[in-house]
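Peer 1: Please take these sequences and the hints and turn them into a complete structure.
If you read the sequences in order, they're chains A and B.
One gets the working numbering by counting positions in the first sequence from 1 and adding 12 to each.
One gets the working numbering by counting positions in the second sequence from 1 and adding 12 to each.
Keep in mind the hints are simulated off the structure, nothing from the lab.
Here the structure is a predicted model, which is why all the values come from computation and not from measurement.
Careful: at least some of the hints might be erroneous.
Copies of the same chain are indistinguishable here, so a pair counts whether it falls within one copy or spans any two.
Said to hold, decoys possible - List of simulated lysine-lysine pairs, DSSO-like, C-alpha gap at most 27 Å:
{"id": "1", "residue 1": "Lys83", "residue 2": "Lys15"}
{"id": "2", "residue 1": "Lys15", "residue 2": "Lys320"}
{"id": "3", "residue 1": "Lys107", "residue 2": "Lys15"}
{"id": "4", "residue 1": "Lys107", "residue 2": "Lys124"}
{"id": "5", "residue 1": "Lys179", "residue 2": "Lys56"}
{"id": "6", "residue 1": "Lys82", "residue 2": "Lys15"}
{"id": "7", "residue 1": "Lys56", "residue 2": "Lys15"}
{"id": "8", "residue 1": "Lys15", "residue 2": "Lys124"}
{"id": "9", "residue 1": "Lys317", "residue 2": "Lys107"}
{"id": "10", "residue 1": "Lys320", "residue 2": "Lys179"}
{"id": "11", "residue 1": "Lys303", "residue 2": "Lys124"}
{"id": "12", "residue 1": "Lys320", "residue 2": "Lys303"}
{"id": "13", "residue 1": "Lys15", "residue 2": "Lys179"}
{"id": "14", "residue 1": "Lys124", "residue 2": "Lys83"}
Here are the chains, one letter per residue:
There are 2 protein chains.
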Amino acid sequence: MVKRTDPYIPGEQLEQEGLIKLNTNENPYPPSPSVIQAIQEEMKRNLQRYPSPSADELRNTIAESFSLSKKNVFVGNGSDEVLAFAFMAFFEPGKPILFPDVTYSFYPVYAKLFHIPYEQVRLNDDFSLPVEQFFQSAGGVILPNPNAPTGLYEELDQIERIVQENKGRVVIIDEAYIDFAPTSAARLVQTYDNLLIVQTMSKSRSLAGLRVGFAMGSESLIEGLTRIKDSFNSYPVDRLALAGAKAAFEDSEHFSNTTNAILSTRERVIPQLRSLGFSVLPSAANFVFVKHDSLDGRTLYEQLKARKILIRHFDSPRISDFIRITIGTNEQMDTFLDELSLILSSASTVHP
Amino acid sequence: MVKRTDPYIPGEQLEQEGLIKLNTNENPYPPSPSVIQAIQEEMKRNLQRYPSPSADELRNTIAESFSLSKKNVFVGNGSDEVLAFAFMAFFEPGKPILFPDVTYSFYPVYAKLFHIPYEQVRLNDDFSLPVEQFFQSAGGVILPNPNAPTGLYEELDQIERIVQENKGRVVIIDEAYIDFAPTSAARLVQTYDNLLIVQTMSKSRSLAGLRVGFAMGSESLIEGLTRIKDSFNSYPVDRLALAGAKAAFEDSEHFSNTTNAILSTRERVIPQLRSLGFSVLPSAANFVFVKHDSLDGRTLYEQLKARKILIRHFDSPRISDFIRITIGTNEQMDTFLDELSLILSSASTVHP
Chain A
13 MVKRTDPYIP
23 GEQLEQEGLI
33 KLNTNENPYP
43 PSPSVIQAIQ
53 EEMKRNLQRY
63 PSPSADELRN
73 TIAESFSLSK
83 KNVFVGNGSD
93 EVLAFAFMAF
103 FEPGKPILFP
113 DVTYSFYPVY
123 AKLFHIPYEQ
133 VRLNDDFSLP
143 VEQFFQSAGG
153 VILPNPNAPT
163 GLYEELDQIE
173 RIVQENKGRV
183 VIIDEAYIDF
193 APTSAARLVQ
203 TYDNLLIVQT
213 MSKSRSLAGL
223 RVGFAMGSES
233 LIEGLTRIKD
243 SFNSYPVDRL
253 ALAGAKAAFE
263 DSEHFSNTTN
273 AILSTRERVI
283 PQLRSLGFSV
293 LPSAANFVFV
303 KHDSLDGRTL
313 YEQLKARKIL
323 IRHFDSPRIS
333 DFIRITIGTN
343 EQMDTFLDEL
353 SLILSSASTV
363 HP
Chain B
13 MVKRTDPYIP
23 GEQLEQEGLI
33 KLNTNENPYP
43 PSPSVIQAIQ
53 EEMKRNLQRY
63 PSPSADELRN
73 TIAESFSLSK
83 KNVFVGNGSD
93 EVLAFAFMAF
103 FEPGKPILFP
113 DVTYSFYPVY
123 AKLFHIPYEQ
133 VRLNDDFSLP
143 VEQFFQSAGG
153 VILPNPNAPT
163 GLYEELDQIE
173 RIVQENKGRV
183 VIIDEAYIDF
193 APTSAARLVQ
203 TYDNLLIVQT
213 MSKSRSLAGL
223 RVGFAMGSES
233 LIEGLTRIKD
243 SFNSYPVDRL
253 ALAGAKAAFE
263 DSEHFSNTTN
273 AILSTRERVI
283 PQLRSLGFSV
293 LPSAANFVFV
303 KHDSLDGRTL
313 YEQLKARKIL
323 IRHFDSPRIS
333 DFIRITIGTN
343 EQMDTFLDEL
353 SLILSSASTV
363 HP
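Peer 2: Put into structure tokens, the structure is as follows:
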């Protein structure tokens, strides 16, 4: 009577007092005061009325900031919903899609849910992308850039080659972390009709709590997503989220200040982790993916959790030795590094 | 490259100044002040953090108000999302489901989207439910009570018979309008493990703009919905919607005051419509479904729109002569009735 599926497991969302939460790549800084003000104004107006099903105002604001047209932009309830709609709109049973073997763990969940066959392309030993292996897919390609949970960034010209070598099939570039990396592929949207860029307001825009994600692509791809949305839920983005997201996009100063703060904390933390005996993968995201010489990932996760610090450990092939640490504020990272030092020194005392 | 689907067409959402909007069954009254206050408090806390994926607090509040447990309650982004998840969780290709021929026009859209075959059971000539024809479905049943767009209510004992006569298949009762009707089937949830009740905060709770819907059912059905949600979008209800919806449920006085106001306006408007030459179906909802002796539905819709009043007309078999009018405030309904009289008298002058 009830279908079985294997759901995606998100990072823990504990609301415990005093917890330092470095496990789900949220922004440690609150959104711009203008976001709060926009929500404040919107909530006094017509909460009893449905929101705009076409979300024109927010789509216009996003489009302008990327020098695109509203017709190239789709918005949804977080980038996860946008990705789910994209799987429904662009991938189909019988035609295997490609994604990396180490990547966002929601992709195989969507694929199974919608009966899309897939092949996982093995990343190189250093977790870099074997670009040519994504050419000539049968059913399309999806990959994050920067990749998660590794944080590795692939240059734009390589992404472009993948798009070029998949004519007639959709290539989805999931840019959840792109604002912490060199260059978005959004500039390619007007050149290639088979490229869909997915971004989120949950990371660099400090709005994980509001659930807004968006996609950019050719008019035909955006129409495809819109048809699925309108066959599923006409109004997935509520009035307050529409207003808050628009204000967040408009305050580019707050955005660049908070992003730069995170980048500078990241660059400060990486050598400190190395000096504690960690290998640190090159990160173009708001997190670092690291492996210790002697302590395994699960132990580190558990010992940090006992000290009220949450990080993410994935019990998956090739990465179970690693932990993923979201970049928090300088103060949070200092506490984290202090606790980590204590864990490591007590471990080396007990097991010399 | 892009899949074709036939989307659901929602009522127009125009934000035009001075428009009287009686077309999408929204509540004419704003939500409780305590809703605004709850959102106000929530938005100052952690908008940069993901909301609770399990929405425990809101589920507890809803459960208490129906004397159920949290494990019997699921919440989602509007009842449309909840319905979409239910189609995915409980219905399957190869086993036709049943729903009425005149009903919520999103059902066939979901069925096509998820490749669920369906049979439309012809309602009786007076649009009442031929109850026995919903017995022994192959794949399950979905029907709204009260039905939309007719507004007709079916007694609880008849709903119970349909549930009993579909053992092992899920019966979904879509109670979007139940708060304007005699009795919810929620009390049957603990007796029948195959009954799912879907409700919304968009109508009687004045929160269409926030996108919150919910379902009540056996633990096993709620687990089934949760697995689909977690395979699609871990956090579909944002922080502000969670907080606002909880406050709305807690203010039962505001809820009963606004609901009673709508019911009393409905009962006042019905005889006035009859005296203007309309047949009015018995309504247990916050709308009336009416047909005029001489003017057809489309003409009435167009002429009212020209006078800045939006109502809903469905160009569908059996109901194209009808119009559906949401019950607004007394003042809005007076304006509506005045304009309607003018349209009817000018029509009878021009075409005597």
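Peer 1: For each hint, tell me whether it holds in the structure or not.
Peer 2: Hints and how they fare:
In this homomeric assembly, Lys83 and Lys15 come within 27 Å of each other (Cα to Cα) only across copies, at 18 Å, whereas the closest approach inside a single copy is 36 Å. Taking the closest pair of Cα atoms, Lys15 and Lys320 never come within 27 Å of each other, the shortest separation being 37 Å inside a single copy and 47 Å across copies. In the homo-oligomer, the alpha carbons of Lys107 and Lys15 lie at most 27 Å apart both inside one protomer (23 Å) and across protomers (13 Å), since each shortest distance falls under that limit. For a Cα distance limit of 27 Å, the shortest separation of Lys107 from Lys124 qualifies both inside one copy, at 13 Å, and across copies, at 20 Å.
In this assembly of identical chains, Lys179 and Lys56 lie within 27 Å of each other by CA distance neither inside one copy nor across copies; the values are 48 Å within and 47 Å between. Taking identical chains as interchangeable, the C-alpha atoms of Lys82 and Lys15 lie at most 27 Å apart only when they sit on different chains, with a minimum of 21 Å there against 38 Å within one chain. Proximity of Lys56 and Lys15 under a CA criterion of 27 Å is satisfied in neither setting, with 42 Å inside one chain copy and 40 Å between copies. Taking the closest pair of Cα atoms, Lys15 and Lys124 come within 27 Å of each other both inside a single copy (12 Å) and across two copies (18 Å).
For a Cα distance limit of 27 Å, the shortest separation of Lys317 from Lys107 qualifies neither inside one copy, at 42 Å, nor across copies, at 48 Å. Proximity of Lys320 to Lys179 under the C-alpha cut-off of 27 Å is found in neither arrangement, the shortest distances being 49 Å within a copy and 48 Å between copies. In the homo-oligomer, the alpha carbons of Lys303 and Lys124 never lie at most 27 Å apart, since the shortest distance is 30 Å inside one protomer and 48 Å across protomers. For a Cα distance limit of 27 Å, the shortest separation of Lys320 from Lys303 inside one copy, 20 Å, qualifies, whereas the shortest one across copies, 65 Å, does not.
Taking the shortest alpha-carbon separations for Lys15 and Lys179, only the inter-copy value of 16 Å comes in at or below 27 Å, while the best intra-copy value is 35 Å. Proximity of Lys124 to Lys83 under the C-alpha cut-off of 27 Å is restricted to the inter-copy arrangement: shortest distance 26 Å between copies versus 30 Å within a copy.
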